[in-house]
Amino acid sequence: MDQLSTTPAASSTVKCDMLDISTRFKEERKRLGLSQKDAAKALGVSISSLGTYERNQVTPLVWVLLPLYQLGADIQYIVTGERSSARLPDTEQQLISAFRSAPQPVQAGILAMLQVVPVTDASASDKSQDVNPKFMGKVGQVVEGDVKIKGKQTFKF
1 MDQLSTTPAA SSTVKCDMLD ISTRFKEERK RLGLSQKDAA KALGVSISSL
51 GTYERNQVTP LVWVLLPLYQ LGADIQYIVT GERSSARLPD TEQQLISAFR
101 SAPQPVQAGI LAMLQVVPVT DASASDKSQD VNPKFMGKVG QVVEGDVKIK
151 GKQTFKF
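Take the UniProt record's numbering: the final residue in the sequence shown is number 157, and no numbers are missing along the way.
There's no promise every hint is true.
[As the list claims (entries may be wrong)] For lysine to aspartate or glutamate, the following EDC-like pairs were computed, each having C-alpha atoms within a straight-line distance of at most 16 Å:
#, residue 1, residue 2
1, Lys-41, Asp-20
2, Lys-37, Asp-20
3, Lys-37, Glu-82
4, Lys-37, Glu-54
[To be verified] Have a look at the derived ranges for each label pair, beta carbon to beta carbon:
#, residue 1, residue 2, range
5, Leu-61, Gly-81, 11 to 21 Å
6, Pro-103, Gly-151, 45 to 55 Å
7, Thr-80, Thr-154, 41 to 51 Å
8, Trp-63, Asp-38, 11 to 21 Å
9, Ser-35, Trp-63, 13 to 23 Å
10, Thr-154, Glu-82, 38 to 48 Å
11, Gln-107, Gly-81, 30 to 40 Å
12, Thr-59, Gln-107, 28 to 38 Å
13, Glu-27, Trp-63, 47 to 57 Å
14, Lys-152, Pro-89, 18 to 28 Å
Think of the hints as simulated: they come from the structure by calculation, not from any bench.
Quantities reported herein were computed from a predicted structural model and do not represent experimental measurements.
A virtual CB, placed ideally from N, CA and C, is assigned to each residue, including glycine.
Construct the complete structure from the given sequences, taking the supplied hints into account.
Have a look at this one:
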């Protein structure tokens, strides 16, 4: 089994087992929810090349790892087996991955909903009607129609 050993300035030795690198490479691809086909396309390699990385036949080069990092992979983990503390929690990473893979109109809607960007829809500037529903007891009706709400909203459950 191939071993790679480097010595950083702090005189500690980092040992990288190449089989573990290929296993962690595949693990990170799956964690990001990427198929081999999608990952190969994103990394700019063929599916067969991606397979050689995941089967420990070839160690991926840095130019392959960089796009994987941009997709949200923890490159430190792939190389060393130790998670990077600077990485986001899985739920936040999943949110970002889903956002990045969403069509542009969906991304714009999400940003507007989170009040990150203003709503640019012309109809949003129309006067809106305030709705103040109050429910007492069981609610079994279905209400349908469009309601525009301006300003901050608070939902208490």
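| message | For Lys-37 and Glu-54, compute the direct alpha-carbon distance and say whether it is at most 16 Å. | response | holds, 13 Å
| query | Regarding Ser-35 and Trp-63, is the given constraint of 13 to 23 Å on their beta-carbon distance met? | reply | holds, 21 Å
| query | Regarding the pair Lys-37 and Glu-82, is the alpha-carbon distance no greater than 16 Å? | reply | Roughly 27 Å between the alpha carbons, so the hint for Lys-37 and Glu-82 is violated.
| Range hint 45 to 55 Å (beta carbons of Pro-103 and Gly-151) holds or violated | Distance hint for Pro-103, Gly-151 is violated at roughly 28 Å.
| field | CB-CB spacing for Trp-63 and Glu-27 relative to the 47 to 57 Å hint | value | At 21 Å between Cβs, range violated.
| Whether the CB-CB distance between Lys-152 and Pro-89 falls inside 18 to 28 Å | Hint holds: Cβ distance 27 Å, inside 18 to 28 Å.
| message | Does the beta carbon distance between Gln-107 and Gly-81 stay inside 30 to 40 Å, or does it fall outside? | response | Between Gln-107 and Gly-81, where Cβ atoms are some 34 Å apart, the hint holds.
| field | 16 Å Cα cutoff - pair Lys-37, Asp-20 | value | violated, 22 Å
| said: Just to be sure I understand the hint, the distance between the Cβ atoms of Thr-154 and Glu-82 should be within 38 to 48 Å; is that true here? | reply: holds, 42 Å
| So the hint says 28 to 38 Å: do the beta-carbon atoms of Thr-59 and Gln-107 match that? | Because 35 Å falls inside the window, the suggested range holds.
| Given a hinted range of 11 to 21 Å, is it respected by the beta-carbon distance of Trp-63 and Asp-38? | Check passed, 18 Å falls within 11 to 21 Å.
| query | When you check the alpha-carbon spacing of Lys-41 and Asp-20, does it fall within 16 Å? | reply | violated, 23 Å
The structure fails to meet hints 1, 2, 3, 6, 13 from the earlier list, while all remaining hints are met.
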